[in-house]
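> Construct the complete structure from the given sequences, taking the supplied hints into account.
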Amino acid sequence: MHDKDQSIVDRVLAGEKRAYAELVDRHKDKAMTLAMRMLKNREDAEEALQDVFVRAFHALPRFEWKSSFSTWLYRIVFNVCASALARRGEELHRSIDEETEGETFDPPSDLLLPDAQYESAEFATMVREEVERLPSMYGPIFTLFVMQEMSYEEIVNVTGLSLSAVKVRLFRARALLREAVAKRLANDIAELPKEGVQESL
Amino acid sequence: MNHLSNNELQSLIDGAIMNGERSRLMAHLEECDRCRREIEFHRSVTRVARALPSVKPSANFTERVMTRIAPREQSAWLRWTLNNLGNIFGMIFVLGVLGYFLTTPKLFTFQTSNEPSKLTEALQTYHGLYDNAKTFIVGQAEKLKGNPPAVSAATDETGKIPVMVVSSLLLLVLLDRFVFQRISRVRMR
Ligand SMILES: [Zn+2]
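Just so you know, the protein sequences line up as chains A and B, in that order.
According to numbering that gives the first Met the number 0, the stretch in the first sequence is residues 0 to 200, in order.
According to numbering that gives the first Met the number 0, the stretch in the second sequence is residues 0 to 188, in order.
Simulated from the structure, these hints should not be mistaken for lab results.
Some hints here could point you the wrong way.
Claimed, not checked - As a list, the in silico DSS-like pairs of lysine-lysine whose alpha-carbon atoms are at most 27 Å apart:
(1) K142(B) to K29(A)
(2) K55(B) to K3(A)
(3) K3(A) to K16(A)
To be verified - Part of the chain A face toward chain B, derived, beta carbon under 10 Å:
(4) A20
(5) K27
(6) K29
(7) T32
(8) R86
(9) M146
What the hints assert, rightly or not - From chain B, some residues computed to sit far from chain A (all C-beta separations above 10 Å):
(10) E29
(11) F40
(12) V44
(13) V47
(14) T80
(15) N82
(16) I136
Virtual Cβ for every residue (Gly too), placed ideally from N, Cα, C.
Quick look at the structure:
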């Protein structure tokens, strides 16, 4: 994985510009997912991502392999999208209250989790929709950690947030998902008598 | 009974729990259905989210990036031609106008007075030379084609309109190149 990226980068730096297309192809989907979590609409995300790959190309000679190529690329995605959000008037780095870790968390919600089937397709749909709905503050962190399987430290590297801020945001993302999905699961159970109608839909 | 804090919950979900903490938390989970469900829920969300498909950019995405970073190399002469388009058109224009007037000697024929002036004499000499040359060239051309020599070369009127149109277009390009662009360059400074 890492080696493959490196050999492509070497070819690009040796003057084979067209090889960069391979690098774009390898990373565009995951980078697009991250951009979507931040900007929330396809056109903006794709436009930002165009800029990202153009910038990355020009910055390639200065890339020193202190991190993997994808971590480095995601940092550019994060910065470009943060600027786009700022232009829209949305602030990504909010107050400093989240920079302090831990004790002030809300206790787990009173909305109890039902004994639901977490293997079902409905559950997967709920999770997908609610992940897409996460605010720009939290969605990207959740995506980096869960979907891109990055460590806390790598996310610190990508976002420039402190370690505690990363943990807090990750937890808030999870809490939001939990609330939203629990609510939907509870509604589904409340609608159980109407199950026949639902199935016909 | 104290339920797990969010922090502890997250550490358990991510498997990032300190050894000393671990036994205490596990003991709580043994007897607390609620916290166990929380953990089970979050692990399921993580598992499902991990399997979600990525969002794909549109099909020509990579091609668009590549056009921006490595536009197809133009050949050297094409680049030179494009850069010097104004000069080239200007030159063609001048040649066109010159050619038009030189091949249409009758344009020069104007009466100023009854007495032939030096200018009129010069023009008449030019007309004579031109007619001779034309007859000669046309004759040679016809001979080359194998046709009998023709006297008439009545092509003076044909081809004038296209020459005029092209000349006007070229004039515009020339103006743009040498006047307007220069003005805007001065303004930018
Ligand atoms: Zn508990």
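> For a quick check of understanding: which of the numbered hints are violated here, in increasing order?
1, 8, 11, 12 and 13
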